[in-house]
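*Asks:* Residue numbers (our numbering), protein chains in the order written: chain V, 1 to 330; chain F, 1001 to 1302.
Calculated directly from the structure, the hints in this document are not laboratory data. Please note that a few of the clues may not be correct.
Example chain V residues on the side facing chain F (calculated, C-beta under 8 Å, incomplete) [to be verified]:
id	residue
1	Asp-28
2	Cys-35
3	Leu-45
4	Ile-157
5	Thr-257
Beta carbons are placed, not taken as given, at the ideal position from N, Cα and C, and that holds for glycine.
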Amino acid sequence: MQQAATAAGAADIPESGPARRRSTSFGDKVFEWLCRGAGIFVLLLLGAIILELFLGGLPAFQAFGIDFLFSTAWQPVEGREAYGALVPVLGTIVSSILAIIFAVPVAFGVAFFLTELAPTWLRRPIGTAVELLAAVPSIIYGMWGLFVLVPFVQRYIQLTVGDTLGAIPFVGFLLASNSFAGTSIFTAALVLAIMILPFIAATMRDVFEQVPPVFKESAYGLGATRWEVMRGVVLPYTRISVVGGIMLGLGRALGETMAVTFVIGNANRMPTSIFDPSTTIASIVAMEFPESLMGSLRQSALLALGFLLFVISFVVLALSRWLLRSRLKA
Amino acid sequence: MSASAMAGYATPVKDIDVARALGRRRKLTDTVVRWLCLLATALGLFFLASILVTLLWRGFAALDWTVLTKEFQPTTFGDPDAPKGGLSHAIVGTLIQTGLGTLIGTPIGLLVGTYLAEYARNSPLGQAVRFVSDVLLSAPSILIGLFVYQLVVLPMGGFSGIAGAMALAIIVIPVVVRTTEDMLQLLPNTLREAVIGLGAPKWKMITLVCYRAALSGIVTGVLLAVARIAGETAPLLLTSFGNSVMSTDLGRAMASLPIAIYQQANSGFPDLIAIAWAGALLVTAGVLAINIIARFALRSRI
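Here chain V stands alone, though its shape is the one from the complex (with noise of 0.2 Å):
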C-alpha cells in the first residue's frame, strides 16, 4: 500500500520531460494490469474448473436427483444404466480418515524428534529426507504398494487380524477377511498414510518451531521433561494449527489417484470390512473415464463424482487454511 503510494509519487515528478514521464507511467500501468489482469485469471481457472465440472455432471444429477447421492447401482449397461456416489463417496473418506488415523501419531513422533529430542546436526539430513519422501511422485508409491506392501499386507496383516479381531462380536465383520488379494481399503489407507506422513510432519516441525522458546525454556526451568513440555507448552500454544495440518494431510489424501488406483481394486460394490476392495472417487475416474464414451450419462455420472470430490477437498482445504491463518495473526 505504502509502495504503491511512493511508487506512484515518483511517477508524478517531472524529471526528464512529460514525454518521459508518460512513457513510464504507462509502463507501470501496463505492468501493473499485467499482473492483476494473471491474478484475476486465477480466480477464474478456480470458478471455470468448479463450473465445468458442474455442467459435466449436470444430467447425472438431472437424471438420478438428490438418489444419486445415496445409491449404490454402477451400472453402464446401455438401457439399464443407473449410477450412485455412495460406494466411492464412502471409499473416498473411509480410507482417507483410516490414512489419518495411521499417519498423525507417526507424523507426531517425528515433528517431536526433529525439533527436541535430535541432535542438532541430525536435524537437517533427516528433515531433507522426510521432505525428499513427499517429493516421491504418486505412482511409485502406488507401484511400490502393489508389488511390496500388498503382498505383505496380504500374508501377514490380512489373515491374522481376520482370523482373531474379526472373531469379535457385534463389529468383528469389520475387520473380517473376505477377500484374499491383498488389495482393500486397508492397504489403500496404509499407502496413502504413508505418502500424507511427510506432509504432516512437516508442518507440524514447522509450527512447533514457532513456539517462543522463552515458553518452553521457562517450563525447563521449572524441572519439566521434554515429554511434559511437549504436552503442557508446545500443544496447547500449537493446538490450532497441528489440526490445520492434519487437514491439510486429509485434503491430499481425498484426492490422490494414482497410489490409491494401484492397491485398492478398483470394485465398485459396498465393502462391509476395511480388508475388502473398494473404490474412491479419485480412482473410479482415473479407472472409467477414459474408456468411457464422449457425451455419454456415464461420463456426465464421473463427472458429477468429480463435482462432489471437488466439493469435499475444497470445504477441507479452505478448514485447514482457516485454521493455519488464525495461528499467524495471533
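For chain V, the structure is supplied; the task is to place chain F on it using the hints.
*Replies:* Structure of chain F alone, referenced to chain V:
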C-alpha cells in the same frame, strides 16, 4: 480463602518416597515417549529406504540401452526371439509435455506472485487470489484433468499432447505463485525504496531489481514445479492419454513416462513390468535430483 482456613492445612512435608516415585514415573514416561518418537522417525526413514531400495534393485535390473532407445513393443513373454521394447516414446513425450507445461505456467505464476507481493499485499482481491492459489496448490490433480478434458479434449474431439501440457501448466501456476510471493516478500523494503528514490518506475524496480534479487528463490520454485509435474499421472490419463509409438504431434495423443509405467505395471507380463520398474527408476531419479538441486540453489543464497 481466609487466613484461618489456610492455617488449617498442614504445611507440605516433602515425602521422599512419594517424590522419588513421581520422579521415576515422569522419567519413565519421558523415556518411553522418546523411544516411540525415535521409532516413528525410523519408520518414516524405513519407508523411504524401502521405496528407494526396491526402485534401485528392480529398476537397475531392467535398465539398459534398449529401454532408453526403443519404442513400446508387445510382450516377449513366451517368445524369446521377439524384439524387446523400451520407453523412448514415453521419455520424449514427458520431456515435451513437462517443458511446454512449465513454459506456459511459469510466466502466469510469476505475474500472480508479483501481484500478490508487490501490488496487493493486503487488498481483498489479493487475499482472494492468494486463497484460490492455495486451494489450487492442493486440489486433486485428477480434477484438473477432468477440467481440461471438458475444456480442450471434448471440443478438439480427441486426446492431445497440448491438452496434457495445459493440465500440467495449471499445476505449475500455484507452485510458482507460492515461491515467487514468498521470495519477493523476503526482500527488504529499503531495497525498493532505494530504487524508487533513484527515480525508477515501479515496473523497472520489480523487473530489474526485485526479480534479480529473488532470482535463486524463483528458480527454485520453477524447479520444484518441474519436479512435481514430471511425475504427475492422473491428469495426463484424461488429457494426453498415452501412446505406444513415438509422437511429437501436439494435436494427437502423446505418451508420457508415468502413463507408460501405469499401463505396463498393470499388464501382468513380467517383461513389461520390468520395463515399468526401469521407467519408475528414471522418473524418481529425475524428480529427486531436481529437488536436491533446488534445495542447494536455495541454500547457497540464504
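*Asks:* With reference to the structure, classify each hint as holding or not holding.
*Replies:* Hints, one by one, checked against the model:
1. This hint holds: V:Asp-28 has a C-beta 5 Å from the nearest C-beta of chain F, less than the 8 Å allowed.
2. The closest approach between the C-beta of V:Cys-35 and any C-beta of chain F is roughly 4 Å, which is under the 8 Å cut-off, so the hint is satisfied.
3. Interface restraint check for V:Leu-45: the shortest CB-CB distance to chain F comes to about 7 Å, inside 8 Å, so the restraint holds.
4. A distance limit of 8 Å between C-beta atoms decides the matter here; for V:Ile-157 the minimum to chain F is near 15 Å, and the interface restraint is violated.
5. Here the hint on V:Thr-257 is kept, as its CB sits about 4 Å from the closest CB of chain F, short of 8 Å.
The structure is inconsistent with hint 4 alone, although it conforms to all the rest.
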